[in-house]
Every structure is written in C-alpha cells, then in structure tokens.
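> Residues per chain, in single letters:
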Amino acid sequence: MNTATTPNPALLQQLKDILPEEAILTAKEDLHPYECDGLTAYRHLPLAVVLPTTTEQVQLILKTCSRLKVPVVARGAGTGLSGGALPHEGGIVLSLARFKQILEIDTANLHARVQPGVRNLAISQAVDHLGLFYAPDPSSQIACSIGGNVAENSGGVHCLKYGLTVHNILEIQLVTIDGELMTIGNDRQDTPGYDLLALLTGSEGMLGVVVEVLVRLTVKPDTVQVLMADFAAVNDAGDAVAAIISKGIIPAGLEMMDNPAIRAAEDFIHAGYPIDANAILLCELDGTEDEVSEQVARVSAILKNHRAGTIHIAKTAAERARLWAGRKAAFPAVGRISPDYYCMDGTIPRKHLAHVLNKINDYSQQYGLGVANVFHAGDGNLHPLILYDANRTGELEKAERFGADILELCVKVGGSITGEHGVGHEKLDSMCVQFGEAELEVFHAVKRAFDPDELLNPGKAVPTLHRCAELGAMHVHHGQLSHPELPRF
Amino acid sequence: MIADNDITSTLQEQVVAGIAANQPLTIIGGGSKAFYGNETQGTALHVSPHTGVMAYEPSELCITARAGTRLQDIEALLAANGQKLAFEPPCFSATSTIGGVVAAGLSGPARPWAGSVRDHVLGVKLITGYGKVASFGGQVMKNVAGYDISRLITGSMGTLGVILEVSLKVMPRPVTELTLALEMPSEEAFELTTTMRRSTFPLSATCYFDGCLYLRLSGVPSHVFASHRKIGGEAINNADEFWLALRNQTHEFFQQYDRPLWRLSFPPATNVISRLEGNSLVEWGGSQRWVYTNIPVNLIRNIAHKGDGHATVYRGSLPGVNPFHPLADNLRNVQQRLKQALDPHGIFNPGRMYKDW
Ligand SMILES: Cc1cc2nc3c(=O)[nH]c(=O)nc-3n(C[C@H](O)[C@H](O)[C@H](O)COP(=O)(O)OP(=O)(O)OC[C@H]3O[C@@H](n4cnc5c(N)ncnc54)[C@H](O)[C@@H]3O)c2cc1C
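Protein sequences appear in the order of chains B and A. Letter by letter, the first sequence follows residues 1 to 489 of full-length UniProt numbering. Letter by letter, the second sequence follows residues 1 to 357 of full-length UniProt numbering.
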C-alpha cells in the first residue's frame, strides 16, 4: 500500500477493530481530497482518514489516539478558510461527513437536534415548511457543516440581527480526547456551572469533537425587503452604515461591496449591480408589513442624506434573491478574474471603515497586487480579497504579507484579526500581533484543561510563546520589540 | 458624572500578593448579590472604586467600562442616548457594579427574546490567575481570535479572574412598549405562550402570577398596536414599574423570607408542574419558575431533572446544600480542571460556585 508517511501499524490495527475497512482511508489517492481545506495554499497528507458513523466509534477512535499519542484533526466539509482542517502529517483526519442526520425537530421548543455533518442550509430547508429557519447563514451554507460552523463560530449576512452561531446553538454533545462523551449546554435559558458552550464555540476543533448539535430555530418574518444603494464615494457608504445603526435600526443584513467586487460579481451573476459605482450597500429589512415599510422609508432617507445615487428596492422575491446571489457568490466571482485570491477576515469598529479601506488601497499599490472588498458592513467584518498568481514566484508570499498588514491595521484601530474564519494554521503569526504573553498563557491553560497532550488539532489556533517571541524579533515596530520581556531563542 | 478612577495597579498588587501567599481573595463589586451562591473565605478585594467609561459611541452599539462602574450609572448614560442593556440585568441595589453583572451572569425579563448577559459580552480585561492583566475579545461584534474567554468569564462568579473592564453590546430602546394583563388559569397561559412562540408577535417579556398572564410587547407602534388588537386584553398602567419590580425583585412576590426561594429553569414548552404551583411566579415564557417551598432538596431537584431542568437555591440558605444544581461527573471534572488551569493558586472566590473548587 502506498501511504503518505510511515504508517503506524499499531494505530491501523486498532482502528480496524473499531471501524469497517472501507471507513479507513490510507492509500495516497484516497487521502488527497483531504490534504487541505478551503485555504488551498497549505497542504499535508495525514497518516489516515477515518469516517465513523456512530458516537461510540468516535469515542473509541479518540481513546485510541489518546493512548497512542496520535494527533487528530476533525473535519466537517473542509470549506474552512484558515487551514483549520489542514491535516497533521503524523496524525489522522477524523471526518464527520457521515453524520448526516437531522434527528429531531421540535416545533414547541423551537429547536432541531442534528448531527455535525449536516449541511448548514439543509437545516433551514428541513424546517422551511414549518415557517422556521436556522438563522446563521455563511455564504458557504450549501456546503459547510454545522459541526464546522460550531468550531468556527461562523457568521453570515443575517448575523447582524440574528446573531452568530454562538447565539443560535443550545447544546452540543462533545467527545473529549480521552473518549468521554459530555453534554454541554441545554435547551434552557441558562446552565449551572461555567458556560462551556460559549468556550467551545469557535474553539476550532482544539478542545473536543462535536458529535451532535441542538440548534435554535427562528420564526420566519412576515415580510422581507431588500434595498440596493450605489455610491460614488466609499466614505459616504461607510458613513451611511453607521447612520442607519445609530438611528436605532438593526437591519437583517447590511453588506457593502467596492467597485472591483461589484464588477466581478456582476460579470458572474448578472445581479443588476451598477458597475460604475464605487460602492454599493445591500440592506435587508424584515418584520411585519407595516414595520418594514416604515423602515424602508427611514433607511431610504438616511441613504439619500449620505449621497446615495439610485436606491433600488427589489420588487419580487426573485429579484431579492438575485441581489443577494451576487453578494453570496462574490468569492467565486473574484476567483474568475484572478488566477488566485487570498480571502482576509478582519473586523473593525464601523467608524474606521473609510480609513481602513483607504489604507488597504495604499497597501495594494505598494505590493502591486489588486484587491476586491466585500464585507459585512453592519458588524464591521471586512473580507478583502487579495488577487495574486501563485505561479509567479514570490506572489503568494507577497499576498500573505499584504494580508498580515491588513490584519495588523485592524488590530491597530481596535478590531480583530478574524471575525468568523478562525485562526487555524493561517493566522498564527497575526495572533502574536493581537495578543501578548498574558493572554496566550490563558489560552494554553484552557487547552491544557481539555487536552493536556495537545493531540487535538495540534499547532493550530494559538501560537506558542516561543513563536511569538521569534516573530517579535523579526518584527520591530517603531524600534520596539513586541515582546521585550521574553528571552530570544 | 462617572468618576474616572483607575486602580488596576492596586488590584494587581493584591492579586500578586495573594498568589505569593496562597491567600484566597473574595472579590466584591457592589456586594449586592452576596446572598447568591456560597460564601467564600478570603481577603476582601474591592473592585467598586475602579470606575469610568472608557468608550461609548452609540453608533458602534458598544460600551466599555471599568468593572466598578455602577450599573445604574451605565443604564442612565445609555438611556440618555436612547439605548439599553437588552438583557435587563437585575439591579438589586444602587451599589451594583457592571463587573458584578457580568460575573454573576443574571439576566432579567427580556432574556429569552433579547438574549442573556453572555450574548452581549464582547470583551473583558482581567487580572488572571497568573497575576497578569490580559484582554480578551474587544469592542467589535465579531471576533473569533483565540478562545472565547469573555463569555466563559460571564457567570463564573468571580472564580476565574478579577474583571477590570467589560465591553458590552448595547441596543436601541424600543419605540413603543405596552403590557397586557390576561386573567386565565395556568394551563391556558401555558397554551397561549406556546402558541405565541411560533408567531411574530413582538413579545419581549412574560410573567404569570396570581392567576394573571402579563405579556409585554415591544417594537414599532404599528406592530405593537396591531398585536394588541389580535391578542386582546387590557393594557396595564405603570408597566415599566411592573417589569422593573420583577427584574429587581422588589415585586411583592419576592418579599417573603420564611422559606427558601428556588429558581427552576426548564425548556420553554415544559407543561405546568402541579407540585410547583402555589407560591410561584413564572417568567421567560415558561423557562424560569420561581417557587417558595419547603419540599426537600432531593425531591425538588428530581422534579427539575424529570422535566429536563435544573434547580437553584436562589435565596435563603439550606444547611449542607449547594445552591447550584449538581453537575454530571465528567462535566464537573472538566470544569474543575478549567478552574485549576486558570486559577492555579486557587485564590479567586474559592468555593463560591461549587464547594470543592
Ligand atoms: C466560498 C466560501 C464562503 C464562505 N463564507 C463564509 C461566511 O460567510 N461566513 C463564515 O463564517 N464562514 C464562511 N466560510 C468559511 C467556512 O465555510 C466556515 O468556516 C465553515 O463553518 C466551515 O465548515 P466546514 O464544515 O467546512 O468545516 P471544516 O473546514 O471541515 O473545519 C473547520 C474547523 O472546524 C473543525 N471541525 C469541523 N467539524 C468539527 C466537529 N464536528 N467537531 C470539532 N471540530 C470540528 C476543524 O478541525 C477545523 O478546525 C466560507 C468559505 C468558503 C469556501
């Protein structure tokens, strides 16, 4: 058999005792589909991929790995954008892809119990006829899994009003590295003890493997309206966003795209976007008929006050869907105009929008790489898409440096290096910009409490103090080292 | 005016001294919730002088304040800008601090609709169990860098660190609010709230007490008035006072001290439980049930357990009884390990939540 690295005979033998042969992949050609996630710049082959179908199997697999000290990387649909599901060369990939069942839909308590491999959109589809939906809607929702959403605390265009994954899940079943199954959270409004559900949401597969999720279902609003406004000046669009929110209006979605993103999306989807505008805002308002028409009038007035050109109100459900389709397909659309693109995910206080966009354009000139900006403007979450060509030597590295500069800028204005895509493998160095020794110490302590041998997704999400110290030595700000207190190795 | 007073270095010195001497600390905000949970033995660490609003811009929907800042001062500041803490934390006394609000993690009448304290916590600055000052989260709505320590701290009763600063999401106040009172038996009230959960009525609080169901509607005028017409019933006067009295437990129901006050927490669509009727009050669309009772502890926890719920001794001490519902073994173990990892010297409010850690 042609395996990736030295096979571990004891491991393979014990896995065979737990799983049928076809649920253990070791041949190189079978492992290739698992070598990376949505961030394709980084690839490793694991020792093996396992595809369990039951919680008991997951428990036994983790027990075995724990005993043999083999690293484990959980994997949902592999759409992650930070290399979170990037395999470990000396470990196995634990795929949850076969956990595909919706186990229960409870219309009295408004929840659904689902397995982690269920696709995000499949939940809303399953409850649509009941007048319900699952609110967080990442653009990848046709593909990404609910387990991956929990691990990343994913967001979507509707999170401004309805919250992130952490606000929309009630309970998870978690298997820890020693094979213990525990129930975390519940279908009540609080829980005794520490809020481990919040801690585990967004923990990137570092603390345990999610084998079941109880999600909150939301009642569909009576009416939805979508407005599109175009702007000649990006600053005006940014100010309009802040103005809408400070007037006490919380739209269901409030998204912005700049000119390169508008052009790419229009070319791909033909959504009817104005290709000469320097920015568009898409604003969704939902509620009862009266409520929505009142809000449409107020938002239109605010947009006009901020020098919007045309304000277009979608007349039909089909038109509404088309306006959103352009936004939701922005990443693949950009993929058509550039051989490669690198998707960033910083967050900033809304008021700094115009400043940050101007700076990103400066960097773009400086690095000689194009950039298209789409973002969840309502909650200040930017997705600059850096355009590059991996076949040209040095361009990937240039794109990465450009990206790191953007994230550093986000931190400088009071924001964060990641709003929803996670740190994964990709943003370890940027973590050193956002956090110092005192915070990293706490993160490592949390990890120790769950996984003392560091077998779950090792080397991801939280950098070592050593790494940050080394980076600090290379990275001198205004003549000052980032971590002058740490010894240099 | 909120005084701008930074005592970080004093607090940090006390923590560092506590670590060096293995001397536990009892963290005190306003002391207004001292009745809740276990007593702890330790040197008092007073956070209330640590006050000031670090950042507040209404359009950012976020306020950042030092932990000792009084809750009532923050609420007044927000109200002056047409905003509020949507989770409506109880303010048991004028001295209640915002750090205590986050540490205790208690939410008020709006909780099921508006979210809990932790749903609104965006960031915290702490003195850690290693004696260092560390910042987690921030002032932005979305932030997944590192583990979510800010939300873990929420409701941890000061057992994982000293909160120095908190950033909270704030929300606009509703334009219109009215409260309907509908007299009906408890089964009917249960039916009605269950049906309403599937509707788009702008419900923002419920209370069932003394044969009457109170429903608060919040939103734009058209929606609120149309909903009133559909539901029927009379709008009560002094609705704000009514909900405030529930929230701060100055309502007559909460003025009884002869028996322990239990707080039971259930899934929303849990039927009326006859053993818990009588001297009770139900909030949160059925999720939060307050009961004065002398039913033995084991029995009441069993009743809770059968209904997929849990039971807390909210007030009044029962010898030998931990006020918080016991945890499953594996969950207790992992929480204890977490406590040990974050507070390796065991100095922060030991035993405040669970006696052995
Ligand atoms: C085109 C495109 C658009 C996107 N748009 C958005 C968006 O709008 N918003 C957004 O938030 N994200 C977005 N993403 C990112 C991605 O889809 C999300 O992060 C998603 O939640 C990942 O889910 P997944 O099932 O693919 O997880 P994977 O990529 O398989 O894994 C992600 C991480 O979760 C861990 N993990 C997966 N399953 C489990 C489990 N059961 N238990 C424990 N850990 C687990 C993995 O170890 C890994 O660290 C987008 C991605 C693409 C490609």
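Among the hints, erroneous ones may be present.
[Unchecked claim] A short, non-exhaustive set of chain A residues, derived as facing chain B with CB atoms under 10 Å: (1) 49; (2) 52; (3) 185; (4) 218; (5) 219; (6) 227; (7) 288; (8) 332.
None of these hints come from the bench; they were simulated from the model. For every residue, glycine included, the Cβ atom is placed at its ideal position computed from N, Cα and C.
> For each hint, tell me whether it holds in the structure or not.
So, going through the hints one by one against the coordinates:
At a threshold of 10 Å, the smallest CB-CB gap from residue 49 of chain A to chain B is about 23 Å, leaving the interface hint violated. The interface hint given for residue 52 of chain A is violated, since its Cβ lies 17 Å from the closest Cβ of chain B, which is over the 10 Å cut-off. Here the hint on residue 185 of chain A is broken, as its CB sits about 19 Å from the closest CB of chain B, past 10 Å. Nearest Cβ of chain B to the Cβ of residue 218 of chain A: about 12 Å, over the 10 Å cut. The hint is violated.
Because the closest C-beta pair between residue 219 of chain A and chain B is about 7 Å apart, less than 10 Å, the hint holds. Evaluation of the residue 227 of chain A hint against chain B yields a held restraint, the C-beta minimum of about 9 Å falling below 10 Å. Checking residue 288 of chain A against chain B: minimum C-beta separation of about 7 Å stays under 10 Å; hint holds. Here the hint on residue 332 of chain A is kept, as its CB sits about 8 Å from the closest CB of chain B, short of 10 Å.
Hint check: violations occur at hints 1, 2, 3, 4; the rest are consistent with the structure.
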